[in-house]
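So you can see what is in the structure, the chains are spelled out below.
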Amino acid sequence: MSTLIAKRAKHRVPLKIGHWELAFLLTTMAAGQESTVFNSIMTPIVGRDIWLSVLLGMGLGALAVVIWSALMARFPREGIETIAAQLLGPLRWPFLVAFVVLMTVYAAIAGRTFTSLSAIIFPTTPPPMFVVPLFALAVYGGILGIQVVARVNQLLLFYVDVPAGMILSMLLMGQQRMQRILPILAHGWVPVVSGGLMMMGLYSQLAMVLIFAPATVSLQKLKGALLAAVGMIGLMAMGHNVGPVLQFGALAKQLAWPSFAQLRLIQVGRDIQRLDVFAVVLWVHGYWILVVMNLKASSLLLKRLFHFDQDHWILAGLAIAAYGLSTVVAATQDVLFREVQLLNQWIFPSLGLGFPLLLLGLAAIRGSRRKHQSARADNI
Amino acid sequence: MTGIVTDPDVLRDLRIRSANLIDEIEEVLFRNQLSRPLSANLTNNMAVIQGLTHQAADLQFTKFACRGGLQGAILFAIDFVNYELMVAGIVEPLTGLNWTQAEVGRPLLEQVAKTIAPVGGAEAVDNVKGALDSIWSGGAVVFLDGTSGAVSINVGKINKRSITRPVSEQVVMGPHAGFIEDGMTNLSLVRQRLKTPRLWIDRMQVGRHTRTAVYLLSLYGVTDGALVDEVKSRLCQINIDGVLDSNYLVELVKSDRWTIFPTVLRTERPDRVAAGLLEGRVAIIVDGSPLAIVAPATLPMMMTSAADYYQNWMVATFLRIVRYIALTASLLTPGLYVALTTYHQEAIPTPLLITMAAARSDVPLPAVGEVLLLMVLFDIIREAGARVPTGIGSALTIGGTLVVGQAAVRAGIISSPIIIVVAGIVIAVLAIPNPELVQAVRFATYPVILGGAILGVYGILFVTIGLALHLASLESFGVAYLSPAAPIRPTDFKDFIIRLPWFRQTTRPAQTGYTDVMRQGPRSS
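If you read the protein sequences in the order shown, they are chains A and B. All residue numbers for the first sequence refer to the working numbering, where the first residue is 1 and numbers rise by one. All residue numbers for the second sequence refer to the working numbering, where the first residue is 1001 and numbers rise by one.
Since the hints were made in silico from the structure, they are not lab data. Heads up, the beta-carbon is just placed ideally off N, CA and C, and yes, glycines get one too. Keep in mind that a hint or two might mislead.
What the hints assert, rightly or not - In silico lysine-lysine, DSBU-like type, Cα no more than 35 Å apart, as pairs:
#1 B:K1063 with B:K1157
#2 B:K1129 with B:K1114
#3 B:K1494 with A:K223
#4 A:K221 with B:K1494
#5 B:K1160 with B:K1195
#6 B:K1232 with B:K1157
What the hints assert, rightly or not - Partial chain B-side listing against chain A, Cβ under 10 Å, derived:
#7 E1026
#8 I1158
#9 A1339
#10 H1344
#11 A1347
#12 A1384
#13 I1454
#14 L1455
#15 L1461
#16 V1463
#17 G1466
#18 S1473
One chain only, chain B, in its complex shape:
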């Protein structure tokens, strides 16, 4: 081809292509540098690592010299290592050695590994990537001038908060320990509850850049092996740059992705994880997240609180019934209010109808407008309240209550009955124990209101049937989401709305407890 290209589109295309090509070349070069073997030249190794990390501010090379004169350096990540341990366990012993430059060539690093690092463990590192991987895990990498390779000595320090109460799943009676952000601590919390060799823990690393440790927990002999294999294979298929919380995995591994309803249970409670494992489910603990995942999970499971099992079974049953009433009320009440006041006034008792009509006489908005306005206002206040610090939160609550409750009614923008309805459902929705289900119900309330506004009770029914169809079509790792309600599974009714006493719960849930069905031997029941 001859001549000069002048067409601007072609030029732009060429520019983009060449930029992409440069990016690709740079990526290849970067990967080559990462996999490059560590050389015997100390200065060279330092230069390569500093170049690759762009002289990251949290990386530190500390040079030292042995008493005999041999030069060396320690590479570590600031605040990832225990300084006292590193100085006492590595720096001081190394500087006290009589090694000279003439001794280069001997397996000095092996000796370092054997003699200097007896506590935290040590491993040989061959390339740049290995060195960088180990320092992010709390390792101090020792280089000796003239000796190729390096040795990583574990002197890690874990930055973690202490174990506290679960924020979203508190109980009055029962265990108060909640998960924290450290994966190993969370594992130990589960292990404390299941001291059995049957508790199998598979470790995986997910996230190209975050390299997040993910632990898959199952109870051998109780959990269906196929379920474990399936979850493992779904986790292995994940190819994402980062996993910063367990919700990343939830969205990537769950069966039905296009739904607002939670199809796996995320919990802060180690006892709920242990209970799930005893029911034949699997659990996933993600390093960096205080929320573990339990799967498969059903809607009735989301309506269950850990407290149900720590109090009298009859009380627990009563509270479950109350929760289901709260669920139904929070979903349907605003829509029903709109439908009844707009289309079916005859169904409202006359004295109440008169009171409501009087209250609404000066309100310029139709019932649906009132309800939507107030629902959105409440959602805004709730959303704002969830973000602000505690001190401002109370001011926000007072402000919100005054503005919405007093000023709006006095100004004639909304009527007082609607405040009772919306405030009622705001409280009712909080009776649902699962925060993710609460959000889903809040979302689902709006179509019901619109249905009620357009077609009265008919509209509510149409929307409800559509919602029920959606819920009935959901599955969590092969288990129907509405089970045991639909499909009806009478054997699982023992722990559905009614929570039977433990002496009547002799078998695991039929939906999950597949391998070993029995929970109790004949004596305990």
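Isolated chain A, as found in the complex:
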């Protein structure tokens, strides 16, 4: 494009992604899951003490941000692949390939979860009718660039999700009772820690920031934005997870989709009811962002690892692979929940937190620090 576009872009419309834009993307990505599948997994495990798990998760999430920020501060404008190359050499490959595989598999699981959710409203519609458009939109968004996705995310988040969430919350408030969260810690700390680990898995997914960070406008302000994202995710998780407990009490543990069951009870006046159909807006948005982010992060990582000029075809290939996987993973909803739990309690924390911690430790031992910073040339 012309020099003007480049100049104006530099000053006003960033070709790269802003730190707040990235933080909002990560927030939406997490909010889509915690309001649906996480809610369904954690509520039966933790029950009334779910708010404690959320708080615990927030603390662990903040810790994760501190670790990632420390790594990014040591290697400014470096992606995880170049940091790993400097510290691990050829040993980096298994870890980085695991990142790609994990994110692609998780995109597939997101597709499968989305189908499960959609089946509540359209029980007879074949799953491809939902998953194909979802993945197609993810590829379209990824090809247009993450900044375009971030703009759409901001539109949906601030002009649709937040107002809709607030209205729905207000409509539900009349039916909720605070005493339903009592007694606290009736089943001890073990379920709370288990739920906290799930939340840690959710926050560990944000480790993809180590792939996007080199393309952010301001690395210095990224830490603050990420901490704010942790706070926002925690706040939303609190609302989404505690809401059903306040509504149903101990009964919440027995519901398949507690937050959705809660929405079904909304009634305005005599005739307006069943507004749950409009909650589709929230989860379509959340799951679309989840799929885009996972596929885009994977394709970007592969592009950098193999020095491709652009990632469009990689993205399309990964989307096809993820779609194929989404049709074979998790034959039933119970299996799906188990898989999500396994990935989030163990795999994501290991890679998202453990691997950066390992790199940070190695960097500290070897005294590695990149002094001169140069912005990456690739456009995300």
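Here the structure of chain A is known, so what remains is to put chain B in place on it, guided by the hints.
For chain B alone, coordinates are given in the frame of chain A:
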């Protein structure tokens, strides 16, 4: 090579090639004739010009003779010149001169230029192209027999309509002047509003055959110089045979060409152009078009009416909110109707559902068929109404309303609730102030309906996200199309959905007002 070619394909190829060669030779000869210097022979010059223009009916050679006997001729385009001025200012003085044929060789044409044409200005013309160019601009070209060259004297008459109200952007309170087809008049309308030497106007000529005058306006010290350079360079790169309206330039210079959404603002209002310039944007005025171009432009700008700034800011804010609701409603309502009636009946209040079911019980078409049929019918009526004369227009409206509203329902082809929905969105879409955006929204409604028909609310959401991705990817000369909504630019929220009062609008929009940020000094705020 020997022998006779008999292969029909080769022969056809040869025929095409020879025809092309002849065309090229003719073009070269034509250009040579155009650049040929005007000779001293009057008859010869007349013959060349008449030959080149194929004796165009609107060109006239008028021969005259000076009192002294020197022969001459005046070439002009009919209705491009002021006849009274030409006769009184050129013909009569020339015929009164005592010049004879013997005086040929003296710089007679220079004298003509100096003495006869004091008002409109005169310039020497050396070749045929120069002579023809000047007559289309209202010049009368004087030839004198025996003297090479000619002189063009400006006695032009401008055919223009008077300044009227803008057709598509009327306001109740505020200025009522609108642009017309004359570029210079339009410039003067802008100049009346910006009486500053900082208003820079660059003139360009675009279109090989139309030679349309294009004026690029910018406010020195306010507009980003790089933006001006970029627009200028894009205009200079245009190599088209003709520019008959500003939309030709829009399609040629705008950043994202493959979109139905307007990424530059076309306006009939000089006050909007002045406002755009004060915000650090550039404006393009095209001779022959009553619509000026303002760039860069964003979607929120298209949702703004000039009237917003001429009334109470709170009222203006309320009206903007209404417009955004109208935009959303006109885009989504038909699709939502289809989705709710087809898939999500549980979300419709029971009494309403019963009424709708009763109304639809005899209708043979599915909801999507009804909506599409009625939308297309309304679009046809609207399109026809835009073309027909006013007298027939009312008949068309009555006919359309009767046919669609009464007969179709009574015949059981469509149900009455759908008429309410479609009529509602037909009205709602007109609340959008920008006609080009109205058309884009009309177009975008159809995929939303289809999405709703295939996958209910899911389909609507998928289509809406796709549309949002498209809109978010658009840029107008480097400015994000959805700015300040996305990317979020809180500093520009002062004139987005809420129109803050002028005493709170101290800075120009961050997206454009780059060189001089401040709109107001400390006192006025």
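Here is how each hint holds up against the structure:
1. B:K1063 with B:K1157: This hinted pair holds, its Cα atoms lying about 21 Å apart.
2. B:K1129 with B:K1114: The hint holds at about 23 Å.
3. B:K1494 with A:K223: holds, 29 Å
4. A:K221 with B:K1494: holds, 25 Å
5. B:K1160 with B:K1195: At roughly 24 Å apart (the allowed maximum being 35 Å), B:K1195 and B:K1160 satisfy the hint.
6. B:K1232 with B:K1157: Since the Cα atoms of B:K1232 and B:K1157 sit roughly 30 Å apart, the hinted pair holds (cutoff 35 Å).
7. E1026: B:E1026 check fails; min Cβ-Cβ to chain A is 38 Å, beyond 10 Å.
8. I1158: Nearest chain A Cβ about 35 Å off; hint violated.
9. A1339: Hint holds; B:A1339 Cβ to chain A Cβ min 9 Å, cut 10 Å.
10. H1344: holds, 5 Å
11. A1347: Given a least distance of 5 Å, the restraint on B:A1347 holds.
12. A1384: Constraint on B:A1384 not satisfied, violated at 36 Å.
13. I1454: Nearest chain A Cβ about 8 Å off; hint holds.
14. L1455: Where the cut-off is 10 Å and the nearest Cβ of chain A is about 6 Å from B:L1455, the hint holds.
15. L1461: It holds, given that the least Cβ distance between B:L1461 and chain A is near 5 Å, below 10 Å.
16. V1463: holds, 9 Å
17. G1466: Holds, about 6 Å.
18. S1473: holds, 5 Å
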